[in-house]
Amino acid sequence: PLRIVVYSKSLFLALTKKKDELRNCGLIGVRNARILQALFHLLDLRQAQTAFRQLSDLNPTSSPWVQLLHKAEALAKDGVSKENADQIDLSKAPQPPICGARLSTLTQSLATKGVRTSQALKPRKTTEKIIDLVQQAILSQSGNLPEKGSIWCAIKTKNYTRRERNFFYLAMHGAQRIGKYWTNIPGYEDRAICNHCNEIEDMEHILFKCTRPNQCNIWEEAARQWPDSYGRFPVDSLGLILGCGLLKIKVKQEQTESAKRLLQILVSTTAHHIWKLRNESVINRDGDSISRPESIRKWYHSLNDRLTMDRILTNRKKFGNRAISCGLVENTWLPLIEPKPPDGWVTDPEVLVGIR
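For the sequence shown, our numbering gives the first residue as 27, with consecutive numbering after it.
Don't read these hints as lab results, they were simulated from the structure.
Check before you lean on any hint, since a few could be wrong.
[What the hints assert, rightly or not] The following label-pair restraints were derived from C-beta to C-beta distances:
#1 D374 x I114: 29 to 35 Å
#2 N58 x I219: 44 to 50 Å
#3 E364 x S317: 22 to 28 Å
#4 G370 x I309: 22 to 28 Å
#5 P122 x A249: 20 to 26 Å
#6 P122 x R189: 41 to 47 Å
#7 G126 x L68: 16 to 22 Å
#8 A100 x I61: 19 to 25 Å
Note that the Cβ used here is the ideal one computed from N, Cα and C, for glycine as well.
Please work from the sequences and hints to get the whole structure.
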């Protein structure tokens, strides 16, 4: 008999309780479907008994394979921390005789999903150009070239609000109605030009190059709030904004999670705030710039709103497993709060804290 200890809970369930269910649906919409399909077939070809155990169910102090368990856990953690997944060669793996979903369990929804996943989507030139921009920006900052899938997954982080995620998603596709979008519409060509700088108004121009006082000074405030102990504020281009979730920050190991979270909050809040200021100036004020004090005051208001939301989201009675840990919220925001708040400030509604 073969005994296999599995570190991942999702993989353990896929190989045991959910194996038949996944097979019946033809692994449609399942991540790593080709690898699972080959693994299922190899298990079917085995004549002897195969037993699976989950690593968390074992007691390392009494287990005879303590060293092996620690090695497996270390390898699994190394794999999770990789930005780019390893490519597994399945060309030599035996192919199952029958593939696809079982007709007796096939639903219209599953069939539609299967048809869509089988159709190769034509890449958009603008999207490919922006993805390449993000990849090169991350490569120059961290030395690693991220995969396209890693970039899209980084945008889905819960450290961004829903509106910020939508903003980044549209920016990745170049789908905002700015710049060259208007050059192809007769009578509206003038909207492609920034009425303050007389240059093409693309997203790079709006977030960094525009000389409006309400836009160019916000990044200075964000850099000023960035703690000195975390090093230089690392974001200075559109590529680094969109790939912010993949940036590496050289801090102590215990500060890594909170530092990355703070950077993502600062960058997403600032970029989306500048976009809103631009829209208010162009659409609601006929091109009149918003004053510097007003724009900075609104930025701090947005940042304090985010701090308040984080404090609310620590309520486990209300949010259950979706709640954020108090320690993470405290480590994220404490470097920005002056004077230092009292103990328990995260969950105590009577304690007033803010960033200024």
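Structure-based check of each hint:
1. D374 x I114: 29 to 35 Å: violated, 50 Å
2. N58 x I219: 44 to 50 Å: With a Cβ separation near 47 Å, N58 and I219 satisfy 44 to 50 Å, so the hint holds.
3. E364 x S317: 22 to 28 Å: holds, 25 Å
4. G370 x I309: 22 to 28 Å: violated, 44 Å
5. P122 x A249: 20 to 26 Å: violated, 55 Å
6. P122 x R189: 41 to 47 Å: About 45 Å separates the Cβ atoms of P122 and R189, which means 41 to 47 Å holds.
7. G126 x L68: 16 to 22 Å: With Cβ atoms ~19 Å apart, the hint holds.
8. A100 x I61: 19 to 25 Å: Holds - the Cβ-Cβ distance for A100 and I61, about 21 Å, lies within 19 to 25 Å.
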